[in-house]
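Okay, here's what each chain looks like letter by letter:
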Amino acid sequence: MNAPSASQPLWQRLGESRPVKISLLLLFLILTLSLAGPYVSPHHFAATDFDGRFIRPTVDGFHFFGTDDLGRDLFTRTLLGVRVTLLVAVVASLVSLGIGVLYGATAGLIGGKVDALMMRAVDALYALPFVFFVILLMTVFERNFWLIFIAIGAINWLDMARIVRGETISLKHRAFVDAARLSGLSAARILWRHITPNLLGVVLVYVTLTIPQAILVESFLSFLGLGVQEPQTSLGALVNNGVGYMEHAPWVLIVPAAVLAVILFCFNFLGDGLRDLTDPKNSAQ
Amino acid sequence: MTSLSRYTLNRIAGAIPTLFVVIAAAFFIVHAAPGGPFDEERRLPPDIERNIERAYHLDETTAEQFWHYLRGLASGDLGPSYRYRDYTVGELIAGALPLSLWLGAMAMLLALIVGVGAGTLAALRHNTFIDRAVSAVAMVGISVPIFVLAPLMVLIFAVFLNWLPASWTGTAGPLRLVMPVIALALPQIAYIARLTRASMIQVLGSDFVRTARAQGLSTVTIVRVHALKPAMLPLLSYMGPAIASVLTGSVVVESVFGIPGIGQFFVRGALNRDYTLVLGITILVAVLVITLNLLVDLLYGFLDPRIRRR
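Chains as they are written, first to last, in numbering that gives the first Met the number 0: chain A, 0 to 284; chain B, 0 to 309.
These are computed hints drawn from the structure, not numbers from a lab. On a predicted model such as this, the values are computed, not experimentally measured, just so you know. Keep in mind that a hint or two might mislead.
Claimed, not checked - Some but not every residue of chain B turned toward chain A, in silico, with C-beta under 8 Å:
id : residue
1  : I15
2  : T17
3  : V21
4  : P150
5  : L151
6  : A269
7  : L278
What the hints assert, rightly or not - Derived DEER-like restraints, expressed as beta-carbon distance ranges:
id : chain 1 : residue 1 : chain 2 : residue 2 : range
8  : A       : L184      : B       : R82       : 50 to 60 Å
9  : A       : A35       : B       : F128      : 33 to 43 Å
10 : A       : L34       : B       : R82       : 37 to 47 Å
Glycine residues also receive a C-beta, built at the ideal position from the N, C-alpha and C atoms.
Turn these sequences into a full structure, and let the hints guide you.
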């Protein structure tokens, strides 16, 4: 990769990295298809057909990805799964963004002992096997869609908090923050009007890295039967269902597994690429 | 007091409140549950119901129950299982834990050997085909989750090729360990290889390696004697997350391969709403992870004196 000049805005430099370009294109395609899916496909995602169980992927009858154990069209279900998985991931990432930015910016702005204590708490939380706690939550409360969002979001805010804190500390010594303080603005107002908008770039890059993690947790829970429940589905739930029939009908496993893998690949390449583009250490190479 | 022993005490003192908060959080999540664990059962005569409630301490206040639970924990008693009627949670865990630990330890060992090896190789052949191949395979290992990897491995090696047994039950011998251990190790291999590669490239470019090279030492000697130890240091701080990740992964691997370890009990307990079992395993895993992290921290302080001053 030829070194992009740091003066250009990030979005103009995106095109310079081939993995980033391809990932963006693929993700855009998958997203469009999953949103248009219900209107494009002639099958309903929950419509069962007991005479049409385990049809191999075929163009006949528009079962492009075949059908599953209940004769439901796998193409339609996979698109629905992508939709649900992405929705959970995006909302969960927004939750973690909210918590992370608030926590990190507060710690960074206050500084001193409070900051040290708040960051010690983050260090301690890092070590915890959060997924076990999420499953504990899922056991105790009804397996509720919104609970999944919040629980997954609550896992991923730690990195965000660290990054935002670092940025805030470097921002708060800048002249415009001093000027705001001198003109008598309250700390909350400075945080909201002057610090947060300047955090946006870093935070956006970081959200790209959080989304695949949220996808992983959601599909992990759904795979175990603890996440999204029938007749709704997600990619993890589809993979789980596929495992039961892989000997006779491997496509029921392979299709959702492959789609999930492609989505995760794209997000990881995108995140890596964005980090390379924004990290000054890398552009020096 | 030396800086090492102060650092050690500091770390231990930091782990204890974490442990307490974790146990309290887990306990109160379970006790915030709407309804009791026996609500779905058919109606029982009132005095029998009262007896059951007394046996499970359901007639006490939450604070009393928490105190009771803590006292039990201290003596290793995690209470009775709600679903496996004749067993205590302690008995279920004691029966399943050795297998899970064994599996996790083997996966970690495999991941360290293969990951460090591949990462070092990639660093030595920086910017060649081998380097790119290692990075590409590592990307696959990081991107493809265990619950996709494990079923696909079963499909290929058990169903299509018929080389390895597909499930734990119904087979015996060491062959049935092969796929679970590899599936559990693969994501860790990927992370470790990436970390090793990055830090090894840095170390190999440093002055003392150049001096060693100028003295005419062979590449093998340079890596073994001079480069490996400093390059391993960043890896040590990854061990904490790695342990948590292997434990999480073993939940999937045990479910896919039907291995009777704590991961499988955990998932079944969650699906059956066996509160005490899920609570017990969550706390056990948290204790395990916090303890192992503490050990890693202490080891780090021992190996790298700079860190003690923080």
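Status of each hint after checking the structure:
| no. | hint | verdict |
| --- | --- | --- |
| 1 | I15 | violated, 11 Å |
| 2 | T17 | holds, 5 Å |
| 3 | V21 | holds, 7 Å |
| 4 | P150 | holds, 5 Å |
| 5 | L151 | holds, 6 Å |
| 6 | A269 | holds, 4 Å |
| 7 | L278 | holds, 7 Å |
| 8 | L184(A) x R82(B): 50 to 60 Å | holds, 58 Å |
| 9 | A35(A) x F128(B): 33 to 43 Å | holds, 41 Å |
| 10 | L34(A) x R82(B): 37 to 47 Å | holds, 42 Å |
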